[in-house]
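For chain A, the structure is supplied; the task is to place chains B and C on it using the hints.
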Amino acid sequence: MPLSYTIAVIAIPLFMFFFLGLAGVKMDKKLTGWLGVIGMLITTILAYGVALTYFFGSDQGQIADGVRKAVVVFNPDWLSFTKTLVVRMGIMLDPIAAMMLIVITTVSMMVHLYSLGYMCDHHGHAEKGFQRYYAFLALFTFSMLGLVVATNLFQIFIFFEMVGVSSYLLIGFYYQSPAAVHASKKAFIVTRLADLFFLLGIMLLSFYTGTFDFDKLVFGANGANSLEVAQSAISTAGGATFLGCSVTAWALTFIFIGGAGKSAMYPLHIWLPDAMEGPTPVSALIHAATMVVAGVFLVARLFPLYVIEQGAMEIICVVGAFTAFYAAAIACVQSDIKRALAFSTVSQIAFMMTSLAVSSADSGLIEIHGGQGLGFMASMFHLFTHAMFKALLFLCAGAIIHAVHSNENSQMHGLHKYMPITSFAFLIGCLAIAGIPPFAGFWSKDEILVACYAKGMGWGIWMSMVAGMTAFYMFRIYFLIFHWRKHEVHTEHAPSDQPWTMTLPLIILATISIVAGFVPAHDLVTWDGKELHTQLNWTVAGSSVLIACIGIGLAYKMYFKENELPDKLQARFSGLWEAAYRRFYMDELYQFITHKVIFQSICKPIAKFDRGIIDGFFNMLASVTGQAAYGIRRLQNGSIQSYVYVYLVGALALAVITMVCVLI
Amino acid sequence: MNLTLLMYLVPSLVMFGCGVYGFLTRKNMIAIMISLELMLNSVDINFVVFNRYLFPDQMDGMFFTLFAIGIAAAETALALAIIINVYRVARKVDINELTKLKF
Amino acid sequence: MESVGNLILYFVVALVIIVCSVLTVTTRQILRSATYLLFVLFATAVIYFQMDYAFLGAVQIAVYAGGIVVLFVFAILLTHQPGKDAHQVESSRRVLGAVAALLGVAVCGYGIFAYANFCKCNLEQLPADKVSIESIGHFLLSTDKFGYLLPFEAISVLLLACIIGGVVIARRR
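Residue numbers (my numbering), protein chains in the order written: chain A, 1 to 664; chain B, 1 to 103; chain C, 1 to 173.
It is worth saying that the hints were derived from the structure and are not from the lab.
For clarity, every value in this text was computed on a predicted model and none was experimentally measured.
Every residue, glycine too, gets a C-beta built ideally from N, C-alpha and C.
Some clues are possibly wrong.
Simulated DEER-style distance windows between Cβ atoms [said to hold, decoys possible]:
| no. | chain 1 | residue 1 | chain 2 | residue 2 | range |
| --- | --- | --- | --- | --- | --- |
| 1 | C | THR143 | A | LEU652 | 36 to 42 Å |
| 2 | C | ILE8 | A | ARG634 | 35 to 41 Å |
| 3 | A | ARG611 | C | THR26 | 58 to 64 Å |
| 4 | A | GLY616 | C | ARG93 | 38 to 44 Å |
| 5 | C | ILE169 | B | GLU97 | 16 to 22 Å |
| 6 | A | ARG634 | B | ASP94 | 16 to 22 Å |
| 7 | C | THR27 | A | GLY616 | 56 to 62 Å |
One chain only, chain A, in its complex shape:
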């Protein structure tokens, strides 16, 4: 299949957005949904065709001398600022873009299908706004696909904003619920703040390097990422510095902050747990699998630049490692199933970030595994597998919520008997994320841990510990939902497995979660386009499996059968438990900073100035005009007698003047 079909992959969702958004209102709801699914199916088939052609086809000239090149399919000029600084809009395929095409279309396809069942009530009637929902899904898919195939930073920024908007629209889908409205606003504002830094970074970088284009910034002559090109791009900045660091380091840090906002890195993670107010399939698509990895994708896209600017890379490394632990700790105590999964997502994305950041370390261990880039490959691989099993987990959570009408795991307990398919699918997802072989997560997480140990023993132990926590909190959720004690049936009909439109995506994703680990990622998705020869590091793999088993065993001991142990532990460590449950008071801190500090001390005086001086001046103008008008209003009072009086006085005055003139 020609690679230029990528245009169709992007155009079809855009068309579906306009078509479903404009014509959907007039159509039957179910028909709209099926049209959306069919459109997405075509997109998925095309995307698979393009990606598989890119990876395995031989006739497109994408592989030369054993190096997988970035192929620019289409790249016309869009805005010309100067002769050299031109913004282009185009389509470029390289290993990570092609992999992202598969990830996005797979998850989006599953979510489209799943939503057919999820967005209906128990009588099978589609919810209000069904067409709008599908139109927004199509808009999101379009934006995300446009983001990953972007040829330059500016295009990435535009699509970054567009995924942000679709995320905002879908979180606030239930716009009559105040919680959803607040969550959508929070997500929008926090990511906007981050995007401000992203824009600053883009402007700095493009100003000093003179280009937006990736093929001038990172891609070398052989069409793959090249450190030499990155080095020369940075050296065009001429060594300009700001506050002791080079401007490119600042620019790259700012760009990372933009990515951190989207990827919910500490301390910009606060919007993601609240974003769970949106419909659950949306959480699966946007807030677990695709949009939140945009930040990781962004750093991976500019990877050679970050390798050169080690300072920025160190920041990413520290932020990622801290976020991974922080989010895992919170996930251990959350009672809301979707919030727990959201913090799990944050933790896993932090894994990817850390993995990217450690991969530039030039330690001896990495040399054995083929030089720099094991972490890069592991990060992208984990992105791929995580998207699959986290989407699976969210869709299972959606099925459970659909069945029991609650997000709280206290309302669930013992569902294994009622929903066996969901239970098995959820178990597969948990095993995959915990890193038990042969499920997908084992392979990718193992590579990440190897890369971390390569950077340093401390990093490796830290991340291993977080991996153990991952296993613990995932199985805690699993046992609390499906076991713990007998389910108390509250409603008239007992919870049960769901219609086939919801079951089929679960089965497909569960299958992918089992087998995805065998995808030869180290041959396909590497930073320099060359095959990465690696083999399982049995020391690391064995220890990580052991840690995961300890985590699972602990969860089994505490949560499989109803017992007093969790309550006792909670009472024992009540302060710690409360802090973790309240997310270590980050939201309160934000509230304090925004309301008390920014609003009170900065915004209030500005508002006073605005109201008093600026508004006051214009109010004064208006009131003067009004008073003048009010004064002369009496001249035209509509009373004929006054008019006659004035007329008479005028006529007499004329007569007097005439007579005086004649007499003189």
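Chains B and C in isolation, oriented as in the chain A frame:
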């Protein structure tokens, strides 16, 4: 003692002044119409006496008066019809109370 | 030298006009106002007779006194609310109106007296046939110089329009 032109102009002038006073001060619309008739009438007198004294062999002033009387009759009839109609709607004829169409 | 009868008639007429005009605009009861107007109109008719314009005087009595005043009386009776006499207008308004009227009278009176030389002329005898009904009729319907056919037709159209207007206005919707 002769009856000069001046002697006819004086009552006419007084009549006109009364008309002006009435027009400016009265509130009742019919009273205003009456004042208007006074003014018209004084003008008619002036036409006639000027014609008679200054141009006795012509009759323009007389004809002007004739037509003025006709027009005044028509105008009064219409004005009174309007006033009665207004009264039927608003139940009042004082102009300072008829403010329904005012802003 | 005028005849004494003519002089007496003039003074009576002038007195009636002045007194009744003032009463017309000062009386509080509107029906009386209409009655004083009637006296003024009659006195005016007498002036026309004195000027030898007998036809005009007849028209004045027939149209003004007989038609318009009757219309006024009808209108007054139709719109009069028993027990609600015209209240006293506020004094500031009266003073203003009086000032304006007196000023006007003063200016015009000064004008008349200051240029009164042409006003001193006397009444000349009119050729008898000049103002006969026949000659008036000829003038009204002639198209020659001093002929009034066009205004005559115009006013007939005006009267027609007035009739139609009256019907339209008076008709109950």
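Taking the numbered hints from earlier one at a time, note which ones the structure violates and give those numbers from smallest to largest. Violated hint: only 2; rest satisfied.
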